[in-house]
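Protein chains: 2
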Amino acid sequence: MTRHVAGDTLREFVARALGAAGMTPANAARMADLMTEADLGGQDGHGVFRLPQYIRRIRAGGMVANPEIAVLQDRPATALIDGGNGPGHLVMSRAAEIAIAKARTTGVAWVGARQSNHAGPAFLYARMPLAEGMIGLYVAVGSANHMPPWGGTDLLLSTNPIAVAIPSNQRPPIVLDMATTVAAYGKVKTAADRGETMPVGWMIDRTGAPLTDPARASEGLLLPIGGPKGYGLSLIFGLLAGTLNGAAFGADVVDFNADSASVTNTGHFLIALDVAAFMDPAQFRAAVDDIWAQMKASNRLPGVTDIRLPGERLAECRAERLATGIPLPAPLLDRLDTLAADLGIAPL
Amino acid sequence: MTRHVAGDTLREFVARALGAAGMTPANAARMADLMTEADLGGQDGHGVFRLPQYIRRIRAGGMVANPEIAVLQDRPATALIDGGNGPGHLVMSRAAEIAIAKARTTGVAWVGARQSNHAGPAFLYARMPLAEGMIGLYVAVGSANHMPPWGGTDLLLSTNPIAVAIPSNQRPPIVLDMATTVAAYGKVKTAADRGETMPVGWMIDRTGAPLTDPARASEGLLLPIGGPKGYGLSLIFGLLAGTLNGAAFGADVVDFNADSASVTNTGHFLIALDVAAFMDPAQFRAAVDDIWAQMKASNRLPGVTDIRLPGERLAECRAERLATGIPLPAPLLDRLDTLAADLGIAPL
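These protein sequence lines map, in sequence, to chains P and G. Take UniProt numbering: the final residue in the first sequence is number 348, and no numbers are missing along the way. Take UniProt numbering: the final residue in the second sequence is number 348, and no numbers are missing along the way.
Treat the hints as calculated values from the structure; they're not laboratory data. Watch out, some of these pointers could steer you wrong.
Unchecked claim - Label pairs and their computed distance ranges (CB to CB): (1) A258(P) / A297(G): 19 to 25 Å; (2) D289(G) / R3(P): 29 to 35 Å; (3) V200(P) / T305(G): 22 to 28 Å; (4) A215(G) / P329(P): 32 to 38 Å; (5) Q283(G) / T9(P): 34 to 40 Å; (6) G133(G) / R3(P): 54 to 60 Å.
Stated by the list, open to error - Below, simulated DSSO-like cross-link-like pairs (lysine-lysine); rule was C-alpha separation at most 30 Å, straight line: (7) K187(P) / K296(P); (8) K296(P) / K296(G); (9) K296(G) / K187(G); (10) K187(P) / K187(G).
C-beta atoms are modelled at their ideal positions from N, C-alpha and C, and glycine is treated no differently.
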């Protein structure tokens, strides 16, 4: 049975578990807050769902609970940081602090990271500059390769996601968070859990035939959006978030679902762009609201009841889950109970 | 009949025509060079093909031949420029100069432009930072709306393209240049010219049914890559390249194919990112070559003879056309002859 858990309750549990796994209170609180935001925002495969895996990785020596994050390269508007093999949440929080501080003066800043790990949903980091009146843009190398180059069958590319957050006025901020594949691999796993068939277009097998049985996903190849275009985007994002930072990309990417002990050397980057470097921020936010209204007012295709904006579902889901709690399915609750017993902490 | 014209011959003709339309020799040379590069690179719908339209726009007062380009906002790593309603080629060349000069110090620079016009293919500008050992990233608001928001039928969005260029060593640079729609509108027009049917997936009509007759394109809606994802990308790119710069986006976009007299207020932005701010440039270029080799060496789907990299066709096409000339079809040659007669200049 699904149980609805208040955000605060979940946040405290996650912090408790991370603390028991060796994280300092400050690090545990920071990471618990971001993981809870993932769940509040509806990214169910990227929040507390990942907690047992993160703790397994810390215990197996694949990830450092309290990393020393070092600035390796520094220019007025750029930095390259070494995440000390810490959780991506902590590494990219630091990257965001640096990027925002720089962009206040320079107008824009680009901060890359190497020696990091899975950071949860991309929107968390793109959204960080919003509070400062800035636009955020985040790209990551995905934590497992499930896609070949276009026309190929070797798994050399990941879902390499991009997220962009743009401030608005009365409307929710525009927040795009998307994989460069038609379906994120998490959606495949969800379909498998539910015994559902996948739509044609998500995956093919190594003969090029559509693969719709998610139980056979390990034989399959994720398809990029727009065919060669999505392949190109995934490749470019990998070069910028991985190769340029001295982080893993291509054949070097470790499948973090299959292997909890190896260092992943995950790469990401974050751009903070100060709206005030271009125009009056209030005027800009009003203009974003106007674009929002234009899209909403469009005539619609038959059967379509509403035009949606990127970030709208996120805002609705967060409001709803703050009010009624985060729905956690029974199998996940069982895993969290087991984890709590293992760690010797109070359960959720 | 198709005639093959040497790049130098084409460049001189275009410069002659632009000069006769009132451009200074320096401006005409700059624009002719970029337009010829478009043709050399295989972007046949974005090079000399556009010359009669550009000159029509200058004569109709819709575009200024010799614009005064002004810096409106300036920070260490950002600038907003007013293109003085000049050709996008001249405006974004200036933007690239500013971005490259800033990025040499700051590591990255983001330069936006308003009051610009169609600039030809996106790759031209993304490629400009390459010569300085930098990565380039260019985004534009397209010059006509052919796409609705996802689920809608009002034409509020354009093909808003992105181009990214990344330096390599022995291999051609990685150059991605893509519309956020499945097909660029130019491909629809090409299909119409040839009397061909469009594949399902390029366009739908206002009932949501596939539209495959390119002669009916004016009733149709271009489809985004990846459904809502491509819609989201197009929207985000429009907000960043248009709205943030005080340029047209959404309902404000003028269809420059249908209207040569109205000011389009086209917006674009260019990012220059200095590789040396992250790692040794030679080491980076070698790493890009290695990724190139990894993709090439992938096993292939049945029937696939070669894995392609973004920018590979561009490099091959340029080499081939430098050797054997640019193929110009008879109808285009006729239009260029008519233009030459109108301008009182020597024909091509």
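Hint by hint, here is what the structure shows:
| no. | hint | verdict |
| --- | --- | --- |
| 1 | A258(P) / A297(G): 19 to 25 Å | 23 Å, holds |
| 2 | D289(G) / R3(P): 29 to 35 Å | 53 Å, violated |
| 3 | V200(P) / T305(G): 22 to 28 Å | 25 Å, holds |
| 4 | A215(G) / P329(P): 32 to 38 Å | 52 Å, violated |
| 5 | Q283(G) / T9(P): 34 to 40 Å | 48 Å, violated |
| 6 | G133(G) / R3(P): 54 to 60 Å | 55 Å, holds |
| 7 | K187(P) / K296(P) | 28 Å, holds |
| 8 | K296(P) / K296(G) | 44 Å, violated |
| 9 | K296(G) / K187(G) | 28 Å, holds |
| 10 | K187(P) / K187(G) | 33 Å, violated |
Of the numbered hints stated above, those contradicted by the structure are hints 2, 4, 5, 8, 10, listed in ascending order.
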